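Student: Residue strings, one per chain:
2 protein chains.
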Amino acid sequence: MKTLSENRAFGGVQGVYTHASEACGCDMTFGLFLPEEAERGAVPVIWYLSGLTCTHENAMVKAGAQKWAAEAGVALVFPDTSPRGAGVANDEAYDLGQGAGFYVNATEKPWAPHFRMWDYVTEELPRLLFNAFPVAEERQSIMGHSMGGHGALTIAMSFPGRFQSASAFAPIANPTASDWGRKQFSAYLGKDEAKWAQYDATLLMKKRGFDGPILIDQGGSDQFLDLLKPEALAEAMAARRQGGIFRMQKGYDHSYFFVSTFIEDHIGFHAAALYD
Amino acid sequence: MKTLSENRAFGGVQGVYTHASEACGCDMTFGLFLPEEAERGAVPVIWYLSGLTCTHENAMVKAGAQKWAAEAGVALVFPDTSPRGAGVANDEAYDLGQGAGFYVNATEKPWAPHFRMWDYVTEELPRLLFNAFPVAEERQSIMGHSMGGHGALTIAMSFPGRFQSASAFAPIANPTASDWGRKQFSAYLGKDEAKWAQYDATLLMKKRGFDGPILIDQGGSDQFLDLLKPEALAEAMAARRQGGIFRMQKGYDHSYFFVSTFIEDHIGFHAAALYD
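These protein sequence lines are chains A and B, in that order.
Counting from 1, one number per residue, gives the positions in the first sequence under the numbering used here.
Counting from 1001, one number per residue, gives the positions in the second sequence under the numbering used here.
Quick caveat, the hints were computed from the structure, so don't treat them as lab data.
One thing to keep in mind: the hints can contain errors.
Said to hold, decoys possible - Derived DSSO-like pairs (lysine-lysine); straight-line CA-CA distance at most 30 Å:
#1 A:206 with B:1206
#2 B:1206 with B:1195
#3 B:1207 with A:206
#4 B:1250 with A:250
#5 A:207 with B:1250
#6 A:250 with B:1206
#7 A:191 with A:109
#8 A:206 with B:1250
Unchecked claim - Which chain B residues stay away from chain A? Per the calculated CB distances, all over 10 Å, these:
#9 1014
#10 1058
#11 1064
#12 1108
#13 1124
#14 1257
Please read these numbers as outputs of a predicted model, since none were measured by experiment.
All C-beta atoms in this analysis are idealised placements derived from N, C-alpha and C, irrespective of residue type, glycine included.
Assemble the whole structure, with the sequences as input and the hints as a guide.
Tutor: Spelled out as structure tokens, the structure:
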């Protein structure tokens, strides 16, 4: 692992690191914010999964999350959203290939060799993180935006006991029923839709739910509402009696201005669960 | 109008008043909390509609709402839930007749002569209130519990511009699809289900929504979840992009212990809208 940069921020350190990834078969870069408390021992950690077209950097520089993480004494990890590089398959569309890993393990050509973001985010990067940094494996929460909200919710529900809380901004909530999902799952996973279900937050909510609190924020003026399908997740959460909060934030769109407005609430929500 | 009692409470006055009601054809009793600020001028008002079996008194003595209303400087009005008295029709069941008005105007025998709670709560009692007390007609919000949550939401959506905000605890969310609703609407409104739709919060949400923020709290261990159908309302709110918050409160049941736990949030939510 190589350190690309480390900057003092809010009394802690915002670092960027790169490493050769076995899961993705390429170098992968991630951001990690460690609060001041990490100088004295392991701190809880919140995973932040980003959306389409993002790298590790977007949320790190635009979400305004570090201030609240510093106040709460929790670390933030910002993984990239896909494998990258000249040897990695890609597509001209913004929503397929590099920058659009969708947090799945691809099984189809030409994606299968590199597009294994599920394994990267749930196995390889955690192993590296807990070995190399003062973060507490037994105190993790997870959140994300858009495609990353989809990732956060599906991962949270797939590893019972691992995460104390989960939250999402404008998640792709029901990808098996959306053009943000059907297109990518067809490409990465093939035509058998039975294999898609494990990567759909609404279907997972119907099937098993999450053993902790969930917070969802959705902008009421989000330009992608028809693709995100928040109503499917809202219905499934209520029908499951899932402990949590679903908020429709009137007038807000899909941007980081929306995320940065409510990130304080999300970090506070996770901190409450992590220190419970 | 006759004063039944007035008690100093939280610097203001908790009063109980009775009057001959034209809408209901009987004497009707209601509670009114006026904060200290009402001594100097008109204050905003929050309507609190109660649930099955309740009178004006239950929420007034068990919800713990006055403390927060006093802090916010808003009045609270607690209407009864049905007409009452020896000359008023009734039924042996707890969920039909006296104590179970369902906030509708009955059209069927034997209910039609007295069971006009819709008109009472939306016309007659407001007129009396704004004439007799220092409450500001242009600053109203509405909330309720269970059957009263149903009343609050349906009334809020039926009078655009009247209420700045609406909230509910465990509302009967989709009565046309529930035994809490179908039984009563059949009795009060007759067999033509087309006439029921105006009294169903989920159907109104699908049709028009509410022009202000909505807050819903639902207990995750509510013993009546199958009758309340929160998932129908959650789906309709998200599909409508209704500005608001839907919270599933894990472990809470249908009781006033649930209401009193979160009443601070609801009063604060309304106060923010009323002073906006």
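Student: Would you mind marking each hint as holding or not holding in the structure?
Tutor: Each hint, compared with the structure:
1. Using a Cα cut-off of 30 Å, the hinted pair residue 206 (chain A) and residue 1206 (chain B) holds, with the two alpha carbons roughly 22 Å apart.
2. For the suggested pair residue 1206 (chain B) and residue 1195 (chain B), the alpha carbons sit about 16 Å apart, so the restraint of at most 30 Å is met.
3. Proposed proximity of residue 1207 (chain B) and residue 206 (chain A) is supported: the alpha carbons are some 26 Å apart, at most 30 Å.
4. Proximity of residue 1250 (chain B) to residue 250 (chain A) is assessed by CA-CA distance (about 25 Å); at most 30 Å being required, the pair is judged to hold.
5. Between residue 207 (chain A) and residue 1250 (chain B) the CA atoms are separated by roughly 18 Å; this keeps the pair inside 30 Å, and the hint holds.
6. A threshold of 30 Å between alpha carbons decides the hint, and for residue 250 (chain A) with residue 1206 (chain B) the separation of about 17 Å falls inside it, so the pair holds.
7. Proposed proximity of residue 191 (chain A) and residue 109 (chain A) is supported: the alpha carbons are some 12 Å apart, at most 30 Å.
8. Pair hint residue 206 (chain A) plus residue 1250 (chain B) holds up; C-alpha atoms about 17 Å apart against a cutoff of 30 Å.
9. Even its closest Cβ contact with chain A, about 32 Å, leaves residue 1014 (chain B) beyond 10 Å, as expected for a residue assigned away from the interface.
10. Here residue 1058 (chain B) stays apart from chain A, with its beta-carbon at least about 25 Å from theirs, past the 10 Å limit.
11. A cut-off of 10 Å between C-beta atoms confirms that residue 1064 (chain B) is not in contact with chain A; the least separation is 22 Å.
12. At roughly 32 Å, the least C-beta separation between residue 1108 (chain B) and chain A is larger than 10 Å, which holds for a residue marked as non-interface.
13. Separation of residue 1124 (chain B) from chain A is adequate, the least Cβ-Cβ distance of about 33 Å exceeding the 10 Å criterion.
14. Listed as a non-interface residue, residue 1257 (chain B) keeps its Cβ farther than 10 Å from every Cβ of chain A; the least gap is roughly 17 Å.
Of the numbered hints stated above, none is contradicted by the structure.
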